[in-house]
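**Q** Following the hints, position chain F against chain S.
Chains as they are written, first to last, in our numbering: chain S, 1 to 388; chain F, 389 to 773.
None of these hints come from the bench; they were simulated from the model.
Treat the hints with caution; some may be incorrect.
[As the list claims (entries may be wrong)] Below, simulated DSS-like cross-link-like pairs (lysine-lysine); rule was C-alpha separation at most 25 Å, straight line:
#	chain 1	residue 1	chain 2	residue 2
1	S	K252	S	K237
2	F	K630	F	K618
3	S	K112	F	K630
4	F	K461	F	K513
5	S	K237	F	K543
6	S	K223	S	K93
7	S	K223	S	K61
8	F	K513	F	K535
9	F	K543	S	K61
10	F	K485	S	K61
11	F	K520	F	K543
12	F	K459	F	K630
13	F	K485	S	K252
14	S	K107	F	K630
15	F	K459	F	K520
16	S	K237	S	K93
17	F	K459	F	K618
18	S	K237	S	K61
19	S	K112	F	K618
20	F	K618	F	K461
21	S	K223	F	K543
22	S	K252	F	K543
23	F	K535	F	K485
24	F	K485	S	K237
25	S	K223	S	K237
26	F	K618	S	K107
[Unchecked claim] Which stretches of chain S does chain F cover? Using the computed rule of at least three CB atoms under 8 Å from a CB of chain F, they are:
#	region
27	109 to 118
28	329 to 337
Owing to the predicted nature of the structure, the values given are computational and were not obtained by experimental measurement.
Built from N, CA and C at the ideal position, the CB exists for glycine as well.
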Amino acid sequence: MAVPFSYSLRNLWTRRTTTILTVAGMALVVFVFATILMLAEGLERTLVETGSADNVVVIRKGSASEVMSGVERAQAAVVEVQPEVAVGRDGRKLLAKELVVLIALPKRGNGKASNVVLRGIGPASLELRPQVRLVAGRLPRMGSSEVMAGRSVVKGFRGVGLNERVCCGLRDWRVVGIFDAGNTGFSSEIWGDADQFMQAFRRPVYSSVLFRLRDPREFSAAKARLETDPRLTLEAKRETRYYLDQSEIMAKFLRILGVSLTVIFSIGAMLGAMITMYSAVANRTAEIGTLRALGFRRRNILIAFLMESLLLGFIGGAVGIACSSLTQLITVSTLNFQTFSELAFRFTLSPAISAQAMGFALGMGFIGGVLPALRASRLNIVDALRAV
Amino acid sequence: MILLRILIRNAFRNRLRTGLTILGITIAILAFGLLRTVVSAWYAGVAASSATRLVTRNAVSLIFPLPLAYKDKIRQVDGVSHVSWGNWFGGIYVSEKNFFANFCVDPQSYLALYPEYILSDRERKAFLSDRKGFVAGRKLADRFGWKPGDTVTLKGVIFPGNWDFVLRGIYRGRDRTIDETQFLFQWEYLNETVRQRYPSRADQVGFYMIGVASPERAVDVAGAIDRLFKNSLAETLTETEKAFQLGFIAMTEAIVMAIQLVSIVIIVIIMAVVANTMAMTTRERIGDYAILKTLGFGGRQIALLIFGEALVITGIGAAIGMALTYPAARAFGSTLSNFFPVFNVARETLWLDLGAALVVAVVAAVIPTQRAIGIRIADGLRRIG
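If we strip away everything but chain S, and leave its shape as in the complex, we get (with noise of 0.2 Å):
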């Protein structure tokens, strides 16, 4: 017959000290696992999120981002005379021939200068991006010295607010309309005519061309076409599959940084359960004598502990994971090694981190509590009866 559920829970109760204090411990545990995985994982998503399948990315053969790229006038011709090249409504091409520059802004909190991208766009830009809505003002005319900015950026930065300027380039640029991209990379961008940012920069070339296809099934046949044309020299990616590689360092970098981190942390509060429960153990030596005699078998005192300690694991696991939901009201924003620019993002809590989490306690509840169990269930009836 097995110890009753209610034995452990109320042997926890009973030393409440102890138990907050451990239980304390592995929360903190559990909230740095998750809250650093969620942030990989709000990372990923954000940028997930900002392609689109059915977008191609065509850029400079070798160059990492849009920022390193470069893509002349007469090699984006030739992209957009491609038969893969989805048409719009009114009879023009969905595609898009953008440039991407970086310029210094002081951020909103200490004044130090940081990156933001500023992005020229075509006319069938917005088209290609139905995430981008705008908010405030209006869009920016083409032809003239006009941008819109994104919600993060006026939220993070200085001076980019609706009607100030923003002056680099030898012009000034009047910020027309607030746009938001929700969860996207493009929140952090401030957008305007390409045309005009190719002057004002003094750079004759695009960054990039970004175009819809016909049938996201021709993504290859496109690619290989555009790959081995011997006039142009660019590479052409999914646009999701070009925001997860600007992503990836950054996240493995929070992932490694998150595990080994948590892996020492661990040891700290599984040491912490050890000896609360090698204490509770010997603090109840004449008890578990009284159990055995009463007739309860070595393996049920073996599971009553293991049970107890598990409840510690699990406590601080529950505990541990609710601290680190309400971590998902922040907003992170920090510079993205891969794109050398600014980029806004949540924590985000999913279902598989809260398992990773619940079972990361339960892990260190239970490796806590094997070796006490195993002393509990080795005592031998008649010593651990004598004793006070």
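**A** Structure of chain F alone, referenced to chain S:
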């Protein structure tokens, strides 16, 4: 002396528990030390920067170049002693995983500006006289097993194509804080090739490194340079090398903050573990304390016993942890040398370790002490277990 013996005896009354606690503290102090070292490695560029060097770059952002013609104008500014220039090349060696910093620079003036990079005269001469030559830091050369005379090919990301270089020298840092993982080659090599392939991008430099005669004049000189190019096609932004490096770090501030936060969290976790141990110890020994009180010892002595015991436990753990920090940092630093070129344990880190151990001990002992002092003698004597 007797007090210390009592404290140690007390601490080791329950060997298993104390052993586990000490192990926990050791790991926490080790982790704390490593994290602090990561943070200081992040700031290594700032620590190694000189107060007499200025960096001039395009005011719009780092990706925009400046014309080469500026060098003569800058040289005329009062207070400027050296002018050198270069470009971030951003080449990839075999695969993206092998990241290291690679620049092209004007070799003569650049080496003059950086006396902390030590090259033998023979190597210096060989580097200066070979257009395709490059010098690499000692750690970088060791990492890939390059020897002088080897040909190394980088794949250009910003400047497309495959670029061949010949190793002409391996520099050493003047001391341990100098980055020994850089790859420097001749700016002229890049410029000549760029002029053939992309004439519009020729004669452009990414940044100017400027030496000033004395550090006090640095700010004035920086202002004078920026005024010189105000309202031109390429306005400049001149900062001290330190401010420039700090600007880089500010961009990744969120990550540094996270690491700092985490290093505090680990101390809090270990505080919970030690507090737990101390709570258990005092609970077991309530009877002892009651007897001590009966004998006439006051609350102060009992507090001393409990605080002392906590200090003994954390002290031993911290000492082991600090001793292990050095070998761990060496192992860590050599595997992560491409992320952190300079990875040294600072003396300050050890002081912080000690401080953290002290705080943990004190905080962990407060509540148990209160309980031990507050208990009435009769209650304490009556209690079992």
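**Q** Among the hints numbered above, which are violated by the structure, and what are their numbers in rising order?
**A** As far as the earlier hints go, only 4 is violated by this structure.
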